[in-house]
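Chains L and Y are the protein sequences, given in the same order.
All the letters of the first sequence, read from the start, carry residue numbers 1 to 417 under UniProt numbering.
All the letters of the second sequence, read from the start, carry residue numbers 1 to 417 under UniProt numbering.
Please note: incorrect hints may appear among the correct ones.
Identical copies carry no separate label here, and so any pair may be met within one copy or between two of them.
What the hints assert, rightly or not - Below, in silico cross-link-like pairs of lysine-lysine (BS3-like), each with a Cα-Cα straight-line distance of 25 Å or less: (1) Lys13 / Lys23; (2) Lys242 / Lys170; (3) Lys112 / Lys242; (4) Lys13 / Lys170; (5) Lys170 / Lys219; (6) Lys208 / Lys219.
Hints listed in this document are in silico derivations from the structure and should not be mistaken for laboratory results.
Residues per chain are reported as follows:
2 protein chains.
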Amino acid sequence: MDVIAYMSEVGQKAREAATQIVKASTHDKNQALLATAEFIDQSRQLLVEANQQDLENGRANGLDAALLDRLELTQSRIDTMIEGLNQVAALPDPVGVITDMAYRPSGIQVGKMRVPLGVIGIIYESRPNVTVEAASLCLKSGNATVLRGGSEALHSNQAIARCIALGLEKAGLPADAVQVINTTDRAAVGQLITMPEYVDVIVPRGGKGLIERISREAKVPVIKHLDGICHVYVDQHADLDKALNVADNAKTHRYGTCNTMETLLVHSAVASTFLPQFAARMAEKQVELRGCGQTQAIISSAAASEEDWSTEYLGPVLSVKIVSDLDEAVRHINQYGSHHTDAILTENYTLARRFLNEVDSSSVMVNASTRFADGFEYGLGAEIGISTDKLHARGPVGLEGLTSQKYVVFGDGHIRQ
Amino acid sequence: MDVIAYMSEVGQKAREAATQIVKASTHDKNQALLATAEFIDQSRQLLVEANQQDLENGRANGLDAALLDRLELTQSRIDTMIEGLNQVAALPDPVGVITDMAYRPSGIQVGKMRVPLGVIGIIYESRPNVTVEAASLCLKSGNATVLRGGSEALHSNQAIARCIALGLEKAGLPADAVQVINTTDRAAVGQLITMPEYVDVIVPRGGKGLIERISREAKVPVIKHLDGICHVYVDQHADLDKALNVADNAKTHRYGTCNTMETLLVHSAVASTFLPQFAARMAEKQVELRGCGQTQAIISSAAASEEDWSTEYLGPVLSVKIVSDLDEAVRHINQYGSHHTDAILTENYTLARRFLNEVDSSSVMVNASTRFADGFEYGLGAEIGISTDKLHARGPVGLEGLTSQKYVVFGDGHIRQ
Numbered sequence: 001m002d003v004i005a006y007m008s009e010v011g012q013k014a015r016e017a018a019t020q021i022v023k024a025s026t027h028d029k030n031q032a033l034l035a036t037a038e039f040i041d042q043s044r045q046l047l048v049e050a051n052q053q054d055l056e057n058g059r060a061n062g063l064d065a066a067l068l069d070r071l072e073l074t075q076s077r078i079d080t081m082i083e084g085l086n087q088v089a090a091l092p093d094p095v096g097v098i099t100d101m102a103y104r105p106s107g108i109q110v111g112k113m114r115v116p117l118g119v120i121g122i123i124y125e126s127r128p129n130v131t132v133e134a135a136s137l138c139l140k141s142g143n144a145t146v147l148r149g150g151s152e153a154l155h156s157n158q159a160i161a162r163c164i165a166l167g168l169e170k171a172g173l174p175a176d177a178v179q180v181i182n183t184t185d186r187a188a189v190g191q192l193i194t195m196p197e198y199v200d201v202i203v204p205r206g207g208k209g210l211i212e213r214i215s216r217e218a219k220v221p222v223i224k225h226l227d228g229i230c231h232v233y234v235d236q237h238a239d240l241d242k243a244l245n246v247a248d249n250a251k252t253h254r255y256g257t258c259n260t261m262e263t264l265l266v267h268s269a270v271a272s273t274f275l276p277q278f279a280a281r282m283a284e285k286q287v288e289l290r291g292c293g294q295t296q297a298i299i300s301s302a303a304a305s306e307e308d309w310s311t312e313y314l315g316p317v318l319s320v321k322i323v324s325d326l327d328e329a330v331r332h333i334n335q336y337g338s339h340h341t342d343a344i345l346t347e348n349y350t351l352a353r354r355f356l357n358e359v360d361s362s363s364v365m366v367n368a369s370t371r372f373a374d375g376f377e378y379g380l381g382a383e384i385g386i387s388t389d390k391l392h393a394r395g396p397v398g399l400e401g402l403t404s405q406k407y408v409v410f411g412d413g414h415i416r417q
Numbered sequence: 001m002d003v004i005a006y007m008s009e010v011g012q013k014a015r016e017a018a019t020q021i022v023k024a025s026t027h028d029k030n031q032a033l034l035a036t037a038e039f040i041d042q043s044r045q046l047l048v049e050a051n052q053q054d055l056e057n058g059r060a061n062g063l064d065a066a067l068l069d070r071l072e073l074t075q076s077r078i079d080t081m082i083e084g085l086n087q088v089a090a091l092p093d094p095v096g097v098i099t100d101m102a103y104r105p106s107g108i109q110v111g112k113m114r115v116p117l118g119v120i121g122i123i124y125e126s127r128p129n130v131t132v133e134a135a136s137l138c139l140k141s142g143n144a145t146v147l148r149g150g151s152e153a154l155h156s157n158q159a160i161a162r163c164i165a166l167g168l169e170k171a172g173l174p175a176d177a178v179q180v181i182n183t184t185d186r187a188a189v190g191q192l193i194t195m196p197e198y199v200d201v202i203v204p205r206g207g208k209g210l211i212e213r214i215s216r217e218a219k220v221p222v223i224k225h226l227d228g229i230c231h232v233y234v235d236q237h238a239d240l241d242k243a244l245n246v247a248d249n250a251k252t253h254r255y256g257t258c259n260t261m262e263t264l265l266v267h268s269a270v271a272s273t274f275l276p277q278f279a280a281r282m283a284e285k286q287v288e289l290r291g292c293g294q295t296q297a298i299i300s301s302a303a304a305s306e307e308d309w310s311t312e313y314l315g316p317v318l319s320v321k322i323v324s325d326l327d328e329a330v331r332h333i334n335q336y337g338s339h340h341t342d343a344i345l346t347e348n349y350t351l352a353r354r355f356l357n358e359v360d361s362s363s364v365m366v367n368a369s370t371r372f373a374d375g376f377e378y379g380l381g382a383e384i385g386i387s388t389d390k391l392h393a394r395g396p397v398g399l400e401g402l403t404s405q406k407y408v409v410f411g412d413g414h415i416r417q
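For reference, chain L alone in the conformation it holds in the complex (with noise of 0.2 Å):
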């Protein structure tokens, strides 16, 4: 298979299904939402077949259980997918919304309409549910998307794709306006990142060596982040009851998740008092704490390296540090964070002020878990993920996130004086 030439079909194909696209109506976008939904209900039987291959090649292959599980298609995953797309479905469409509209001096009138961005390409690993995900946030924003998941889900990928297809038929829209690539030559992701003239954003989601390589290799924009180093800082001031409960949701409620804590900062002037009553928690929920040379003077962990500070664990581990003040905080944040969430515990208002401007992140928090860094829990309806770049989307990011944005300008045959 000439790897080159299916991507340029791919990506000619996905372009010109991104003129139908962007003026296919709220009903119709969401009629192929609702239909592929029916058409996944309708194939269960399809689906765990072909899911069932896949896992018996990753077995085969020697894939670890944790990836096997993740690969798995139970029937609770198709019944998340099925509610996934309905709500999608119900979400307010963002194409076309105009704003701002407002009368100049010289007498036009100016405002911004959003607009889709054209062809997304989606970029991910072993989960075959970020399939319907992916290719239903990048429809309702009005986008055609290129879809490449991972080699090992293929097959349940491909059935996927074949409902989202007749979904697409069903309401009328073309089919090419989601694409699953269908074959597992690496190949094919080196040239979906370097075709600007088919793709116009990529949106990685997997792990830290995928996304590092595709924002080193793409030609074209991507919205990503790498780590997920978010901090919690229990500064002198804060109540530490609060502090104690939001300090242990924000490690303990999941490991795994970019928006956990990894490293806790601690005022000196609390440390003797909170920390002991946080290692207790901790203990009990058998994370293993990494501090600095004053929080082993205060509670007995192993020492924190250099390395400690920059280190995404995702996993029961934590680092701890005793800082002197909000500037050493902010610091330390700014300097070893992934500039993705951070949070403080205070219940001073000028610190809790400073904290929210001076810290450099996506999402700055006061007296919240950094677990609620989520695109559902701001209430943007569903993510597509997670931006830790300035610029365009910044944060947890939604179906706007997925759009861009026209002046529109009416006159009554104004001219410029």
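Since chain L is already given, all that's left is putting chain Y on it; use the hints.
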């Protein structure tokens, strides 16, 4: 001089200054702008002398008259720089503006705060007044700036840079917040656009060749437009009096600007009425017309070649094409245009809406001159440039386009369930 070491030092200083300028109060930033205006006013003699040196060098190096004209700092251009500084000081500060703050079902309160991008690199050609314009917008939006002007304006730019540095110092802000590169070595540009660790975004201002080269080689996002191939489409339902005035204005108000009409599209049903009147106006103003075959059958004009449809003349030349309907007009614009600014002249509601929706340009207009596509006319207060890209900023880019947003979350000890 070791350009790589020099640029690294400039980048480091900019990054450090950015951490200060992000926190600067509106008052201090405005003071810096107003003080710069005063220092420029007091330094007229020095500025003119420095500029004389550039002009002499330019003449000795055989610069053409147009370039020498753009290079010259007349008293009236100095007045304009001072006026510009005062205007930017009077604009609202975008930094720290919080919008969409709302309670979520979990009880947290979520909103978005506008924040600076960080360090902005500006690359521009001969006009020294760009130094002040660009620096003032970046400063007001809380960014540090590295400016690389044309080598022919080196002395003028350095003299202006001294005024800005004095203004920053007078306001107690770091002088490194605005740095003007003091070498004419072209390697400096290559460095500036490939230091993502120090520079967050590049804004190039100048000819298409410069911008293409920068976009191709940059390892940093670039806010830009390449061409301004703007269209006016006179629909069959146009009010031909309005159409005549708007098309005339779009072409002849100024020839050299990016929002000037370069191609006129006319519906076949009104071509024989409209074109002779329009051609008479253009003849008065000595605008050369290059028409399609159908156009040549109605008015006397040179033949337009395929290349004409994608040419930005930037002068008194206009290509003219007769189309059979809106679909053909939209197809032509999306294929040959530069996604900058396009206008329809029509009294028909449905066709106006279709044009706004289907033309994929950063500004789309009904019954108004393309010349309105401009930051001042749109109410942005000022503009650093116009973007035809879809990601981040699109259309005229003002202070807001030089900022990003971060999510702010207020809780009262909220944890995720």
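Structure-inconsistent hints, enumerated in ascending order:
2, 5
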